[in-house]
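> So the chains spell out like this:
There are 2 protein chains.
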Amino acid sequence: MGLDDLFDPAGIAVIGASETPGKLGHDAMANAVAFDGSVYPVNPSSEGTLFGERFVGSVGEIDGPVDLALLCIPAPVVPEVLEECGKAGVGAAVVYSGGFAEAGDDGRQRQSRVEALANRFDIGVLGPNTSGFLVPGRNLLCSFVGEVDRVDSGTVAVIAQSGGVAHALAFQAQSEGYGIAAMVGLGNRVSVGFEEAIRYFDGHPPTDAIALHIEGTADARGLLETCRAVETPVVAYIVGRTGVDGFAASHTGALTGDWDLYRAGFKQYGVPTVPGTTTLLDSARTLGSQPRPAGPNVGVVTVQAGPGIIIADRLCAAGVPVPEFDEATADRLSEYLDGLTYAANPVDTGRPSPAFGDVIETVARDSGIDILLVYQLYEPSVGYPASALDSVAEQLDMPVVLATDGPEPGVSDAIAPLEAAGVTTVRTPERGADAVIALVEYVRQQRRLQEALPDG
Amino acid sequence: MGLDDLFDPAGIAVIGASETPGKLGHDAMANAVAFDGSVYPVNPSSEGTLFGERFVGSVGEIDGPVDLALLCIPAPVVPEVLEECGKAGVGAAVVYSGGFAEAGDDGRQRQSRVEALANRFDIGVLGPNTSGFLVPGRNLLCSFVGEVDRVDSGTVAVIAQSGGVAHALAFQAQSEGYGIAAMVGLGNRVSVGFEEAIRYFDGHPPTDAIALHIEGTADARGLLETCRAVETPVVAYIVGRTGVDGFAASHTGALTGDWDLYRAGFKQYGVPTVPGTTTLLDSARTLGSQPRPAGPNVGVVTVQAGPGIIIADRLCAAGVPVPEFDEATADRLSEYLDGLTYAANPVDTGRPSPAFGDVIETVARDSGIDILLVYQLYEPSVGYPASALDSVAEQLDMPVVLATDGPEPGVSDAIAPLEAAGVTTVRTPERGADAVIALVEYVRQQRRLQEALPDG
Numbered sequence: 001m002g003l004d005d006l007f008d009p010a011g012i013a014v015i016g017a018s019e020t021p022g023k024l025g026h027d028a029m030a031n032a033v034a035f036d037g038s039v040y041p042v043n044p045s046s047e048g049t050l051f052g053e054r055f056v057g058s059v060g061e062i063d064g065p066v067d068l069a070l071l072c073i074p075a076p077v078v079p080e081v082l083e084e085c086g087k088a089g090v091g092a093a094v095v096y097s098g099g100f101a102e103a104g105d106d107g108r109q110r111q112s113r114v115e116a117l118a119n120r121f122d123i124g125v126l127g128p129n130t131s132g133f134l135v136p137g138r139n140l141l142c143s144f145v146g147e148v149d150r151v152d153s154g155t156v157a158v159i160a161q162s163g164g165v166a167h168a169l170a171f172q173a174q175s176e177g178y179g180i181a182a183m184v185g186l187g188n189r190v191s192v193g194f195e196e197a198i199r200y201f202d203g204h205p206p207t208d209a210i211a212l213h214i215e216g217t218a219d220a221r222g223l224l225e226t227c228r229a230v231e232t233p234v235v236a237y238i239v240g241r242t243g244v245d246g247f248a249a250s251h252t253g254a255l256t257g258d259w260d261l262y263r264a265g266f267k268q269y270g271v272p273t274v275p276g277t278t279t280l281l282d283s284a285r286t287l288g289s290q291p292r293p294a295g296p297n298v299g300v301v302t303v304q305a306g307p308g309i310i311i312a313d314r315l316c317a318a319g320v321p322v323p324e325f326d327e328a329t330a331d332r333l334s335e336y337l338d339g340l341t342y343a344a345n346p347v348d349t350g351r352p353s354p355a356f357g358d359v360i361e362t363v364a365r366d367s368g369i370d371i372l373l374v375y376q377l378y379e380p381s382v383g384y385p386a387s388a389l390d391s392v393a394e395q396l397d398m399p400v401v402l403a404t405d406g407p408e409p410g411v412s413d414a415i416a417p418l419e420a421a422g423v424t425t426v427r428t429p430e431r432g433a434d435a436v437i438a439l440v441e442y443v444r445q446q447r448r449l450q451e452a453l454p455d456g
Numbered sequence: 457m458g459l460d461d462l463f464d465p466a467g468i469a470v471i472g473a474s475e476t477p478g479k480l481g482h483d484a485m486a487n488a489v490a491f492d493g494s495v496y497p498v499n500p501s502s503e504g505t506l507f508g509e510r511f512v513g514s515v516g517e518i519d520g521p522v523d524l525a526l527l528c529i530p531a532p533v534v535p536e537v538l539e540e541c542g543k544a545g546v547g548a549a550v551v552y553s554g555g556f557a558e559a560g561d562d563g564r565q566r567q568s569r570v571e572a573l574a575n576r577f578d579i580g581v582l583g584p585n586t587s588g589f590l591v592p593g594r595n596l597l598c599s600f601v602g603e604v605d606r607v608d609s610g611t612v613a614v615i616a617q618s619g620g621v622a623h624a625l626a627f628q629a630q631s632e633g634y635g636i637a638a639m640v641g642l643g644n645r646v647s648v649g650f651e652e653a654i655r656y657f658d659g660h661p662p663t664d665a666i667a668l669h670i671e672g673t674a675d676a677r678g679l680l681e682t683c684r685a686v687e688t689p690v691v692a693y694i695v696g697r698t699g700v701d702g703f704a705a706s707h708t709g710a711l712t713g714d715w716d717l718y719r720a721g722f723k724q725y726g727v728p729t730v731p732g733t734t735t736l737l738d739s740a741r742t743l744g745s746q747p748r749p750a751g752p753n754v755g756v757v758t759v760q761a762g763p764g765i766i767i768a769d770r771l772c773a774a775g776v777p778v779p780e781f782d783e784a785t786a787d788r789l790s791e792y793l794d795g796l797t798y799a800a801n802p803v804d805t806g807r808p809s810p811a812f813g814d815v816i817e818t819v820a821r822d823s824g825i826d827i828l829l830v831y832q833l834y835e836p837s838v839g840y841p842a843s844a845l846d847s848v849a850e851q852l853d854m855p856v857v858l859a860t861d862g863p864e865p866g867v868s869d870a871i872a873p874l875e876a877a878g879v880t881t882v883r884t885p886e887r888g889a890d891a892v893i894a895l896v897e898y899v900r901q902q903r904r905l906q907e908a909l910p911d912g
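Sequence order for the protein chains is S and X. Quick note on the numbering used here: the first sequence kicks off at 1 and runs consecutively. Quick note on the numbering used here: the second sequence kicks off at 457 and runs consecutively.
Read the hints as simulated data drawn from the structure, not as lab findings. Quantities reported herein were computed from a predicted structural model and do not represent experimental measurements. Warning: the hint list may mix true and false statements.
Computed beta-carbon distance windows for the label pairs [as the list claims (entries may be wrong)]:
(1) X:Pro532 / S:Ser353: 16 to 26 Å
(2) S:Pro409 / X:Arg576: 41 to 51 Å
(3) S:Ala318 / X:Ala750: 31 to 41 Å
(4) X:Ala750 / S:Ser387: 57 to 67 Å
From the three backbone atoms N, C-alpha and C, an ideal C-beta is built for every residue, glycine too.
Let the hints inform the model, and build the full structure from the sequences given.
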């Protein structure tokens, strides 16, 4: 089972396509038609067209290449339709409906039949019990949720155990203007699980980082081995610190794992873990976009002292070093600043002056600094020190993160060119610190892994 | 010293007003002119008008009531100008410039002079070393930061030790469409400190809750006593978990306190503490807008299971009970739901159906539930169960928090009427849980305080 049929199909059949708004087969079709390739609405009791595409009676009657079927049908008929798909040569299917392993003995039996059919016909099945997936760069919107076409193409592939969390993450990225490389809700994971999805998106050109949402999995070791084996940085949000096993089992048919053991395992296998959805996206964007730093030492430059204290405090509490600068740096900073502000690390520049760019470059060039984290409240009359940040990002090949707050829409407009130039931007001082903490955790873990490898 | 001259003046003098954009005296004047009352630009070397207001040579020459002076002048001339203000009968002043207690021996001496003058003339001095304050409901924009006029009037008074953090919070509220009742950056706290500001905003009609940002204070007990004495709920973000004392001292001239002691003290005095700026605003909005619950028990209703697990997990990890429902509730939920979803607490409704409102009301009426927390991914075709949420908020007098994610701008537009109806809305499952955690912490603390009180 390759996953190209699922994530890179030539044509799509929407089975159970419906003319009634609000029905799964309507809403899924409304999104699917955005696709660059062919999309076929399939329904034996419908005629005419739907969103400009002519209805077909069954998947076997489609005249053209169909790699992917979206099954917008109730659970009881899924097995027979999946068999039809298999016979028609369809290589992948999304099963949206619930009523499988998460729903008692009957459901488990039904899921076993689906699994057997998936194996027999070598169909990559996403779900059951999922809200689907998105690959915005290909307008591949295999979800029944409205307005997913608003989610732009970005650099992070979101792979979530829960379709709801997957969509929440996709829309968080949309509302902040970043987009995603892909979004996958795994659901009950009949044949497409974490490992398969991680390996696929490791080879997906737009994907620079992989963000995982995990409630639990029967094969934690396999997942960890996969994370270690891939080139793409992976960051994980593991839910289930407390015993919510009953609810989770009812959700995707999986028991949540032991949280502490999971966290320790991910650390050992080079995957930073984070405490929430917002940090998951910020960390993945940072890992994906920034170069690997030479070490964990952070230079903090802040225009407003208070947010700088928040950042330094948060970094230190997480064990990330905010070291003193070397003497040459300290001397130069004292020249640039007027003596009233604070020239140690974090550097408080005071309100932006023409020297702000020089301060940033001086800190970045300090012999003991590996990562640059800048905080600036956006002021429309001042703007950001964009050229200094660009040149640090480009010339010094050093990770640069800008944390900011400010009036909308000005701040959103002003950070867009910085993002384009390779600076990762986040809102709030805390999010800036948390993104850098994940970056440092990743670099430390990767270094430990490499040191543990035998020669050659 | 009353603070009406500061936060409710009849007229304002902008001393050091300037025609040069980017200068403090220009940018502060640009904001100040939005005020409903009189605003006078003061500068002995300028003639004509600035933003339509005629320049005056000195504060003593102003022909009209002036309660408040904004001192947009360098530190060395602050004492003499403050004396002029005192002689002219000005009752309050904002001193923006740095170069006082945070800047060595000279600065400390200068601050002592300012303090003596403030006492002698009974002037309420905000600062020095602050970016000022805002009372959006009166268009009172005493800040030099651009576009503060975009911050709407809301229900939370932000009182921050750092002017930078104060502005960051104000703009966070703006970007989410909520506004603030007031924003105050205290800076060096010559005569307006936490206690004075808290007491003032306790009596400020638009203020329903007070959000504190604290780096440290010499008189922690006085602050705590004040928090306990006021009617308005207070929530605090205390920075300084690690030793960032050197930087903090250079910032507002105050040492950061001992973090653990501070946190314990606030708990004892009925003030929930939170770990970041976002949670600070969410918690304060929730405390200010929602009724006091009868107890700490949370009923969670979720349309998407994954975010519901995140919420339940986070509540449980914080010691907030998510109890089983009583038998009558469980029976009714089984009728409303199709048996495939999860009728225990949290309730997973599956995709919104006509019964969604009934599910919400059933949970809210459960004998063991005190607080309702709903998560729903916003779908434009489905909307929110607004009438059910409204009726719970209004008829049951129970706190109702809706956590949500979804496509912008649809989600922002759709939550606005819910906010107006008394439901507190936040983005992301984690923020929903965190807001409820602060509410429960507050109620538990208040109850302990009342039990500890002697009769009568």
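> Taking the hints in turn, state whether each one holds.
Here is what the structure says about each hint:
no. : hint                            : result
1   : X:Pro532 / S:Ser353: 16 to 26 Å : holds (19 Å)
2   : S:Pro409 / X:Arg576: 41 to 51 Å : holds (47 Å)
3   : S:Ala318 / X:Ala750: 31 to 41 Å : holds (38 Å)
4   : X:Ala750 / S:Ser387: 57 to 67 Å : holds (58 Å)
Consistency with the previously given hints is maintained throughout, with no hint failing.
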